[in-house]
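Participant: Sequence:
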Amino acid sequence: MNSLNINNIFRKLKDNKTIVQNTGYLSIIEIVRLAMPFIALPYIIRTVGAENYGLAVFAQTIISYFTIFINFGLDISAVKNISINRNDIAELNKIVSSVLLIKLVLFTISFLLLLIGLWIIPFLKIHRLLFLFAFLTCFSELLFPTWFYQGIEKMKYLTLIKTTSILFYTISVFLFIHKPEHYTRIVLLQSLGNLFAGVMSFYLLLRIEKVQLIKSSYKYIKQTFTDSIPFFFSRLSAVLNSAMAKTISGIFFSMQAVAAFDLAQKIATVALVPMQMLNQAIYPHIAKTLNKEFVAKFLKINIFISLLTAIIVYLSAPLAIKFFANGQMPEAITLTRILALWVFVGGITTYIGAPVLVSFGFSKPFNRSVLLSTIILFINYVILYIGNIFTIYNFAFALILSEIAILKYRCYFCWHYKIFIYNGRL
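Here the sequence shown is numbered in my numbering, starting from 1 and rising by one per residue.
It should be emphasised that the hints constitute simulated quantities derived from the structure, not laboratory data.
This structure is a prediction, so every number in the text was calculated from the model and none was measured.
A portion of the hints provided could be inaccurate.
Below, a list of computed lysine-lysine pairs in the PhoX-like style, where the Cα atoms sit at most 20 Å apart [to be verified]:
| id | residue 1 | residue 2 |
| --- | --- | --- |
| 1 | Lys-364 | Lys-408 |
| 2 | Lys-322 | Lys-266 |
| 3 | Lys-408 | Lys-300 |
| 4 | Lys-292 | Lys-418 |
| 5 | Lys-418 | Lys-300 |
| 6 | Lys-210 | Lys-154 |
| 7 | Lys-418 | Lys-288 |
| 8 | Lys-156 | Lys-210 |
| 9 | Lys-364 | Lys-418 |
| 10 | Lys-418 | Lys-408 |
| 11 | Lys-288 | Lys-154 |
Generate the whole structure from the sequences, applying the supplied hints.
Facilitator: Next comes the structure, spelled out in structure tokens:
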């Protein structure tokens, strides 16, 4: 244990107070965002039923593709640019203005595409109100500047706003959802909470941080957009990896299958929060210092936490599903246990990704690794379909295989570029 230098690692954390604070703020946001809905989840499933809950999840899954299109990788590329130029208000104005203009254009395109879909696709037309309610959250994505506050390493205000919006959703679920027909209100209430967060955080961006929206040159906007393209494809791949199973389940199986996979995935995703938030918080620090020994020490912490978390997820799966699903989705127990392995691998791959590879200037291997995993996932699904073994359980195994592909690919490039150094040695 001495070789791990655990004491030195935590001493390093004390020396980097800002990192610790932002880890805390980011953790609060994500834990509240993912955990608070779990408080209402047993009530929702019991009230609207697994089938209607699955329908609401399916709508949100479809809209998540629009969300990624609107963000277009700017939430990664902008963080680095903001972090580097945090003390240059003129440059910050240019970055923020360019990012928001690009997002506004993409939002408009997305809304037009949704309207066309609601008009020509029968299923969407029948449930048009549900999908319109779900799309409201895209407007909050346009306004909510997490990327800005993450870049300047000041997450206090956003934590308060986001927590308030999630509390609003959780409380309002019990106030306004009372029968199966109210399933559309699930997405409406969540979207309204997100809209509140978006509007308030945008106001603080202008009022507290004194950012001014200016007219940027076409060349600068084009460059900002171009810089985000590689990250867009990596983020799109990440969303496809997590959402494809629910999308296919909704098309080929039933909305209850969507609900079961969503519940298992929610549990696994919540389990990943501590690692993800630590990774996000140290991203600006690594980008600024490029300290390889610091990077290597945090890798050890990630591996340990990921393994411990995966074991907890596997052992607690039956109790968790019984509590949340009220006995309606027993298949979710097996799904959760399968995804425990995904938790272990995912905790490591997330760290090696943006915080490490991107910070050291190797964004291409980072993006290619995610694209590779999506290709592998597609191939797995094709094999499952041809082999007539198209099941939600095999979807979970396919997801794990794609995550392992990311890990192997990223580890190779970390070794190739000599990023990880322990006590001055590789």
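Participant: With reference to the structure, classify each hint as holding or not holding.
Facilitator: Now the hints, each set against the structure:
{"no.": "1", "hint": "Lys-364 to Lys-408", "verdict": "holds, 15 Å"}
{"no.": "2", "hint": "Lys-322 to Lys-266", "verdict": "holds, 15 Å"}
{"no.": "3", "hint": "Lys-408 to Lys-300", "verdict": "holds, 17 Å"}
{"no.": "4", "hint": "Lys-292 to Lys-418", "verdict": "holds, 9 Å"}
{"no.": "5", "hint": "Lys-418 to Lys-300", "verdict": "holds, 16 Å"}
{"no.": "6", "hint": "Lys-210 to Lys-154", "verdict": "holds, 14 Å"}
{"no.": "7", "hint": "Lys-418 to Lys-288", "verdict": "holds, 18 Å"}
{"no.": "8", "hint": "Lys-156 to Lys-210", "verdict": "holds, 16 Å"}
{"no.": "9", "hint": "Lys-364 to Lys-418", "verdict": "holds, 16 Å"}
{"no.": "10", "hint": "Lys-418 to Lys-408", "verdict": "holds, 15 Å"}
{"no.": "11", "hint": "Lys-288 to Lys-154", "verdict": "holds, 16 Å"}
Going through the hint list in order, the structure satisfies each hint without exception.
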